[in-house]
Every structure is written in structure tokens, then in C-alpha cells.
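So the chains spell out like this:
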Amino acid sequence: MEYFKVIKDISYKDAVGSGLVYSSPCRGGWNIVHYGTLVPGGHMIFVCPVSCLRGVVLTTAEMGPDAMKLLSTITVGEDNILNGDMEEELRRGTEKVIESLPVRPRMVMIFTSCIHHFLTVNYQRIYKILREEYPDIDFIDCYMDPIMRKKTPPMANLKRQILRVLKPADKKDGQVNFVGNCFPMGENCDLTNLLTENGITIYDLSTIEDYDDFHKMEQSKVNFTFHANAAWAAKDLKVRLSQGWVAMRETYDYDAIDEDMKKAAESLGLAPLSKEHIVKEREKTEAAVTALKEHIGDTPLAIDDTAVDRPLELALYLLKHGFKVESVVMESKADSEEVFEQVKKLNPELKIYSAENWTMRRAHFTHEGKLIGIGARSAYARDTGFFVDINENAGLYGYAGIRELCRLIAEAADNEQDTHAIVTKKGWHCNLKEGCII
Amino acid sequence: MKDWHVHVFTSTYTADVSGVCSAMYELGGMSVLHDPSGCNSTYTTHDEPRWYGSESLMFISGLDEMTAVMGDDSVIINDVVNAAKGLKPRFITLCGASIPHIIAFDYKGVAKLIEDKCGIPVLPVPTDGLKMYTSGVGLALREWMRRFADLNIKPEEGVINLLGVTPIDFSRKEIVDEMKASFERRGFSVNAVCAMGESFEAMEKVCRAEVNVVVSSAGLLPAKFLKAKAGIPFVVGTPVGSAVTDKLCEKIRQSAKDKESRYLYDSDRYTTRVEKPDLLIINEEVNAFSMAEAARAALSEDAKIEALFPDADEGLDEDLLVARIKEAKAVMCDPLFFPAFAGSSAKLIRMPHEGYSGRIYRGEIPVFTGDAFDIKKML
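Chains as they are written, first to last, in the numbering used here: chain A, 1 to 438; chain B, 1001 to 1379.
Incorrect hints may have been included.
SDA-like mimics (lysine to any residue), calculated; alpha carbons at most 20 Å apart, straight line [unchecked claim]: (1) B:K1002 with A:G77; (2) B:K1085 with A:T359; (3) A:K235 with A:T359; (4) B:K1002 with A:E78; (5) B:K1205 with B:D1150; (6) A:K150 with B:K1229; (7) A:K13 with B:D1079; (8) A:K280 with A:G269; (9) B:K1154 with B:K1229; (10) B:K1002 with A:I81; (11) A:K172 with A:Q219; (12) A:K333 with B:D1064; (13) B:K1347 with A:P65; (14) A:K150 with B:D1064; (15) B:K1227 with B:R1253; (16) A:K151 with B:E1065; (17) A:K151 with B:V1069; (18) A:K425 with B:S1054; (19) A:K69 with B:P1339; (20) A:K150 with B:M1070.
Some chain B residues close to chain A (C-beta under 8 Å, calculated; not the full set) [as the list claims (entries may be wrong)]: (21) P1036; (22) C1039; (23) N1082; (24) G1343; (25) A1346.
Just so you know, these hints were derived from the structure itself, not from any lab.
All C-beta atoms in this analysis are idealised placements derived from N, C-alpha and C, irrespective of residue type, glycine included.
Make a model of the complete structure from these sequences and hints.
As C-alpha cells, this is what we get:
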């Protein structure tokens, strides 16, 4: 039985396996519960059968005792299905939650589930009533409906829905939004550096601590996204609020970085980065990647899609710089076919593991010698304690991001970690102040 | 108005689908959960302590909108057959969550079609994702026994089975080992522990037992099945501490003699609501009542003790939960119930339960079975 595919043997369309779905003991990225906790003053209500509630409730509980204050549940039972009283239950339950909470929430995110679609529940009617009953609360229709994942992936949907409360407003100069990030973009992001140097204020849900500040996002001129699953949110804001939108691609291609940074500057009427600046940035980055190569030599690397959005593009960059990339672990095809083919040319023996395919359950993850993983999923799948423990790009973008990634890889090469203990923790760097308790 | 659906502060017990997978985990099969997504990571993350580093098989079907709307069962049939050819499980268990339930997925029919295609026995377990884990464990064990148990074996004197044993209620192997040892010390031979740390072959000979001991309510359904099909009586109770274990063993001996099923405890005694109870115990039903027996033996015959446990269909009513915690002087329960203690002066006695808090407090779960467990030290 084959536990992985060799890239030379497959076409792009077959890069990820199909069939029964496997769940790795290793964590993936953030889920909708983690993201929902970013809203200051927000409260989540999940309305689902118990089998669906279990995961979200314990994900929350594992974020610490305070996290449980951010979530309530309404269990869908057989009686609701038979009586057809889903709407009434939703209304009654939401009212009870609001009246029982010690602090009035500013936003209530109500997550309905797969079953509501199939029973054609008219929840919008209930939200209308609730909005009239509680005019001081923003009600958001959210969805935990994985049965719709091919059409409306839950995370992309949530990133859009949370921002639906923003209303058209006068735009302020010198203010922009970063949309759809789980983690703050700091000094390891070229765009943050450019904006900060030009005195521009950045609003980002991952750093906002006050609900009124959250609403100030409606005054921003331009939205910047760094992840593909934030595109729906940015498109929605562009249409509804007439805000600009620049998609900063997660790329390791220097020309693409320059192109996106130029677009970003233009969207705000800023002078583009000078040629000298760009040359200097490239030189610094090349020096960093060369130093990394000297440091780790031919130690094989495995890359996964929990660490970076586009693992094959990172593989391509590293292969071009002489690194030995031995495998990529991925759940879906986030990279383009062009990148796939370029990687195939540079390393026809590259192994591709389908992270969620049934073949992974009994895969033997052994390897000879030292191997460095980039991401928890590759650390688990390739059985190594030498790995970069980051999630969803971790605030890295552009030249500064690549340099920081080089530093992290070098650090990982020198420090063996307890893989089991680390990779089984859900919600990397979840935002609650006390941190995850498990 | 009573409304068991709404939980403002508290968590939820795990569901029937996790119960199925947990019960079948060590028997060499492949569990397939017909579900879009989510139930798999919920089970493997929160309900299955054995997942990391083992090779037992559990997958979901990845049901999507179009497949459900079109009722296209060929997708799951082909996917299961394909995986079974590669992994060669000894048998396959087919269960599912709420969407298969409301589109009237035919578990029995699809199981038959899969079995015809791959030649591997397929057990249909029609769960719906709406009920507690105890329901799933019971349905799965009953179906397994219906298919594989040799119902013609004659019972042997002094032999018992333990029914309803999974990590969801008993967490770690040492807790189960101590439970077995406590019976063996009293002269019984434990034939099959259904189903944790047990082999397929021992389970096949489940009818060697002259009495089944239902140590969790998850074991009640297979116990009733074996009573009906093989005439084996059952005794309901968990051996928590030596006094309770002595009493339980006495009941087992009586049942071996008169072939009548019986309970360790009088449940009415602990479900009648009283003013200012000395102790409220919140846990799985059989465990809660057994702990109540242990507490009564440790405190006094007149001690006011209440038990509260989740209903298989409705879970635990949060209003009732909050009211009883407020009334009680002390509460023995999972620490994750703590948010329900607001406004109460009750003392929290920590007794984590994986069925409620998953892995969060796993390391804190005491060996609560057997002779060495002394509830008095916790009170």
C-alpha cells in the first residue's frame, strides 16, 4: 500500500487523495471557535446536535476557564426535528443566554449547523426579531456547516460574517485594515513596516481589544488580505463599504512581493519603494537564506500547509536555493499547477502526503538521520522533533518574513522538541491572555 | 419552563458516535462515521486517548451537500470498499451523525452492499449524533455480539463479563485493571471486558459468563441482549471502593444463583430531591449511583446524598444542574462544571470524567475502581 505519492508519478489533479477522511492526532490550523474569540465583547452561540457541539465546546474549554464565558450552546434534539420548532428554540435559547450572561455582549455570533439547511430553518426571521428585541447587540449569522464546505468553507464564511456588522462610513486618511488574520502582522511583515513608517494606522481583529475600535474598521480606506480564505470578506467590504482591497499573496517570489508592495503603496497614494530599498532587501534576504543553507547543509526538509498557506511555493523557493526538500504534507491544493510543475522539475522524487486521506493512518513515518519539519503536521508525519512550530504564516510576509522564517528554521535545526506534547495542542497561540491550558 | 437544550455556561457530554468508535477501537475493525466533517477530530482529539501512536482504524465519510441531496450512497460504498481493500480490517462498523439520520440513510442496506463487495463483515449501527455516548457504546456492543458472539457456549461458574467499559468512562488501563483485580480477589474470573484492553477472541466467548456486570449505563443494552438471547442475568453497579465491591459481588452471587438481574443500588434513594444535601454526585448514571453508595457507606446511613446524571437523549438540564449545585453542601463532579457553581457555596470535589471534559483533566482522574479507592478521603 502506498502511503504517499512521488511527485514525478502524478499529475496536479491527483496531488491530494480522495476517499475516507482521516483525522491526524496533530493539530491543524485555527478553527471557527478560535477565530470567534478574537471579537472583543463577542459571545458565540452554537446551535447543533450534541455530536457537533462536543468539539466546539471542548476546543473552547481547552483555551482556559475564561474562554468558556465566551460560548453557549443550544442542543438540537430529536424533539426539535419532529416538532419543527427549530426557529422557536433558537429564539428562546438566544434570549435565555443573553439574559443569563453576567455581562451584556456587544456581538452575538449564532452558529447554525448542517441540519438547519436540510430542515430549511428560517433563522433570518429569528435574527430580525432578536435585532429588534436587543438593538444594542450586533447579531451575526454564522455557520458551522461542513456539509457545505465545498461551496462555503466555514472559516472563509466566518471571516466575512464577522465584518458584516461594519456599515458604510466616512473614510479616514491614514487608516487601513488587515482582514482575516489570526495572528498579528508585526515587524516580520514588509507591509506593516511600510505603513508604520508612513504613519498609517492599522486595524486588525487579531490585535483589537475594544469593540468600539472594531467598528472603526468601517472608516478605513483600504483592506489588505494575506490569506486566500479572507478574500470573501474583502470582496464583501469592497462592495458594501466601497473600501479598496489589495490581496498580498503569500509568495516567496521576489518579483511578486515587489509587485504586491507596489500595489499596496499605490492604493494609499504612497511613493513606491525605491529600487535601492528593494535591492537592499533582496541582498539581506539572500544573505539570510545562504547562511541558513550553510547552517543546515543537506538536512532534508518537510513542509506542511498548517505552517504556510502555500507549501509547494515555499518548497520551490527552497529548492531553488539548493535545499533538500524531501516532502510536502498537505490537505488541499493551495498552490497553482505552475508551481506544482516547477517543483516536479527541481525534485522529481519529492514525496507528497495527503494529510487527511485514509492512507495516512498506517503510514510509517520513519526516516534516516535528521530531518527538519516546517510546521507541526510535517513534524508529526515525518516523525521529527526538529521543527518550526508556526501556524498560518504566523505574521510573516515579504522579505522580512522570509528572513524570519530562515531564522526559525535554523533555530529548529538546533533544538529538538517534544513533538507529541506540542503538536497535540490545538489553537496555536490562541489569543486569550492565559493561553491554552492544553 | 424546562428547557434542556440551552447551556449558557456548561459543556456537553460526548455523543453516540464517539461511543461507537470507542467501543470498537481495540477489536481490529474499521469504524466509519458517515458525517461531513468535525466528528472525526472531536473523537480523536477529545474522546480517544489511544489515538496517538496506535494503528486502530476510524474514518469519516466526508459527506457533502450534493451527495446528501442526491442520496448517492455509492460514494460511501466505494470509499469504504477501497479503504478496506488497502487496510484489511477484521470487520467494519458503519455509524453516522445527524445528516444521515434526517435523510433516512439505510445503514442496514448499505452495510449489506459493502459486505457483498469486499467480503468483510459490516456492522450497521444507526446512531444519529443526537444522543449521549452511552447509547452509541451500547448499540455498537450489541451489534458486535449479535454478529460475532457464540451464543451457544454454556456459562461457567464464577465467570463474569464487565460490560460498558470504554476510556470515555474509565479513562486509563490501570483503572480497568484495578476493576478486574477487585473481582478476581473475590473469587470471580473476568472473562471479557467489553470493550477495553480485550481481544476479539475473548469477546466471541462472552457467553462463558454466568453473570454480566454492567459497570456503566453504556453496558445495559448488550446486557439486556445477552439476557434475552443467552439467558445471562446482569447486575448493574461499578466497584468503587471495597464496601461497594463487596456488596456488588454479593449481588452477583445472588444473580448467579437465581438468574435474576438486579441493581447494586436503589436509584430512588438518590434521585429524590432533598433540602441541603450533604453531597451531590454528578457523573455517568451507574457510576454516580455507585459513588453515592460508597459515600453513604463512608459517611452514614442517614447522609443526604443525591445523584445527577445525563439522560441518553437530553443530556443534563443546566437549570436543574445549577439549582442542585446551589442547594448542595458539597458536589463531586468534573471540574468543567465549575462555571455552574456561580452563586453557590458548595465545595467542589474534583472527579474528572472524560465523557464530559475530554482530555483536559485526564491526568487528574484517580483510580476510582477497586479496593484501594476510598471516597472518604475525597469528601
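Against the structure, the hints:
For the hint linking K1002 (chain B) to G77 (chain A), the alpha-carbon distance of about 14 Å falls within 20 Å, and the restraint holds. Distance restraint check for K1085 (chain B) and T359 (chain A): the Cα-Cα separation of roughly 11 Å lies within the 20 Å cut-off, and the hinted pair is therefore satisfied. Of the supplied pair hints, the one linking K235 (chain A) and T359 (chain A) is violated, its CA atoms being roughly 37 Å apart against a limit of 20 Å. Between K1002 (chain B) and E78 (chain A), the direct Cα distance comes to roughly 16 Å. Compliance with the 20 Å bound is thereby established for this hinted pair.
Restraint check: the Cα-Cα separation between K1205 (chain B) and D1150 (chain B) comes to about 6 Å, which is no more than 20 Å; the hinted pair holds. The straight-line distance between the Cα atoms of K150 (chain A) and K1229 (chain B) is roughly 47 Å, outside the 20 Å bound, and the hint therefore fails. Of the pairs offered as hints, the one joining K13 (chain A) and D1079 (chain B) holds, with about 18 Å between alpha carbons and a cut-off of 20 Å not exceeded. This hinted pair does not check out: K280 (chain A) and G269 (chain A) have alpha carbons roughly 23 Å apart, beyond 20 Å.
Using a Cα cut-off of 20 Å, the hinted pair K1154 (chain B) and K1229 (chain B) holds, with the two alpha carbons roughly 12 Å apart. Restraint check: the Cα-Cα separation between K1002 (chain B) and I81 (chain A) comes to about 18 Å, which is no more than 20 Å; the hinted pair holds. In summary, the hint linking K172 (chain A) to Q219 (chain A) is supported, as the alpha carbons are separated by about 6 Å, within the 20 Å threshold. As the CA atoms of K333 (chain A) and D1064 (chain B) are separated by approximately 18 Å, the hinted pair is consistent with the 20 Å bound.
For the proposed pair K1347 (chain B) and P65 (chain A), the alpha carbon gap of about 18 Å is at most 20 Å, so the pair holds. For the hint linking K150 (chain A) to D1064 (chain B), the alpha-carbon distance of about 8 Å falls within 20 Å, and the restraint holds. Restraint check: the Cα-Cα separation between K1227 (chain B) and R1253 (chain B) comes to about 16 Å, which is no more than 20 Å; the hinted pair holds. Taking the CA atoms of K151 (chain A) and E1065 (chain B), the gap is about 9 Å. The hint holds against a cut of 20 Å.
For a cut-off of 20 Å, the pair hint linking K151 (chain A) to V1069 (chain B) stands: about 14 Å separates their Cα positions. Note on K425 (chain A) and S1054 (chain B): the hinted pairing holds, with a Cα-Cα distance of about 18 Å set against a maximum of 20 Å. Between K69 (chain A) and P1339 (chain B), the direct Cα distance comes to roughly 8 Å. Compliance with the 20 Å bound is thereby established for this hinted pair. Restraint check: the Cα-Cα separation between K150 (chain A) and M1070 (chain B) comes to about 16 Å, which is no more than 20 Å; the hinted pair holds.
Hint status for P1036 (chain B) relative to chain A: holds, with the closest Cβ pair at about 4 Å, below 8 Å. The beta carbon of C1039 (chain B) is positioned within 8 Å of a beta carbon in chain A (closest approach about 5 Å), and the interface hint is therefore held. With a least beta-carbon distance of about 6 Å to chain A, the hint placing N1082 (chain B) at the interface is held under the 8 Å criterion. Hint status for G1343 (chain B) relative to chain A: violated, with the closest Cβ pair at about 11 Å, above 8 Å.
With a least beta-carbon distance of about 18 Å to chain A, the hint placing A1346 (chain B) at the interface is violated under the 8 Å criterion.
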